[in-house]
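Positions 1 to 47 (this note's numbering) are the ones given, in order, by the sequence shown.
Rather than coming from a laboratory, the hints here were simulated on the basis of the structure. Given the structure is predicted, the values throughout are model-derived calculations rather than measurements. Any given hint could turn out to be false.
[Claimed, not checked] The following label-pair restraints were derived from C-beta to C-beta distances:
1) Ser46 <-> Gly15: 37 to 47 Å
2) Lys20 <-> Arg40: 22 to 32 Å
3) Ser46 <-> Arg14: 43 to 53 Å
4) Phe45 <-> Arg14: 43 to 53 Å
5) Gly15 <-> Arg36: 29 to 39 Å
6) Phe37 <-> Ile17: 22 to 32 Å
7) Phe21 <-> Lys41: 27 to 37 Å
8) Glu24 <-> Ser46: 25 to 35 Å
9) Ala16 <-> Ser46: 41 to 51 Å
10) Lys20 <-> Lys41: 26 to 36 Å
11) Leu26 <-> Ser46: 22 to 32 Å
[Claimed, not checked] Taking lysine-lysine and the DSS-like style, the derived pairs with C-alpha atoms no more than 27 Å apart in a straight line are:
12) Lys28 <-> Lys39
13) Lys41 <-> Lys28
14) Lys34 <-> Lys20
Every residue gets a Cβ at the ideal spot worked out from N, C-alpha and C, and that includes glycine.
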Amino acid sequence: MLASNPRFSSPEGRGAILSKFFLEELLKENQNTKERFLKRKQIVFSS
Numbered sequence: 001m002l003a004s005n006p007r008f009s010s011p012e013g014r015g016a017i018l019s020k021f022f023l024e025e026l027l028k029e030n031q032n033t034k035e036r037f038l039k040r041k042q043i044v045f046s047s
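My request is simple: use the sequences and hints to build the entire structure.
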């Protein structure tokens with residue numbers, strides 16, 4: 001499916017798209033982890 005998309009046909013294009021997607025996912029995951037950590041800290045401090 002992805003191979004039929006011209007952007008995915010070249011290794012450079014595929015790599016760039018994958019790394020961009022990976023970085024965005026990593027940033028989102030980082031943000032979620034930070035928020036969870038802060039919430040947990042707030043719960044610990046408030047109790």
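Going through the hints against the structure:
Range check, Ser46 to Gly15: Cβ separation about 46 Å, and the 37 to 47 Å hint holds. As the Cβ distance of Lys20 to Arg40 is approximately 31 Å, the hint placing it in 22 to 32 Å holds. For Ser46 paired with Arg14, a C-beta distance near 47 Å keeps the hint of 43 to 53 Å intact. In this structure the hint that Phe45 and Arg14 lie 43 to 53 Å apart at CB holds, the actual value being about 46 Å.
Distance hint check for Gly15 and Arg36: the Cβ-Cβ separation is about 31 Å, which falls inside the suggested range of 29 to 39 Å. A hinted range of 22 to 32 Å holds for the C-beta pair Phe37 and Ile17, which are about 30 Å apart. Taken as a hint, the range 27 to 37 Å holds for the pair Phe21 and Lys41, whose Cβ atoms sit roughly 30 Å apart. The hinted range of 25 to 35 Å is satisfied by Glu24 and Ser46, whose Cβ atoms lie roughly 33 Å apart.
The beta-carbon spacing between Ala16 and Ser46, approximately 45 Å, falls within the hinted interval of 41 to 51 Å. A C-beta distance of roughly 32 Å is found between Lys20 and Lys41, which places it inside the suggested range of 26 to 36 Å. For the hinted restraint 22 to 32 Å between Leu26 and Ser46, the CB-CB distance of approximately 30 Å keeps it satisfied. Taken as a hint, the Lys28 and Lys39 pair is honoured in the structure, with Cα atoms around 16 Å apart against an allowance of 27 Å.
Between Lys41 and Lys28 the CA atoms are separated by roughly 20 Å; this keeps the pair inside 27 Å, and the hint holds. Under the criterion of a C-alpha separation no larger than 27 Å, the hint pairing Lys34 with Lys20 is consistent with the structure, at around 21 Å.
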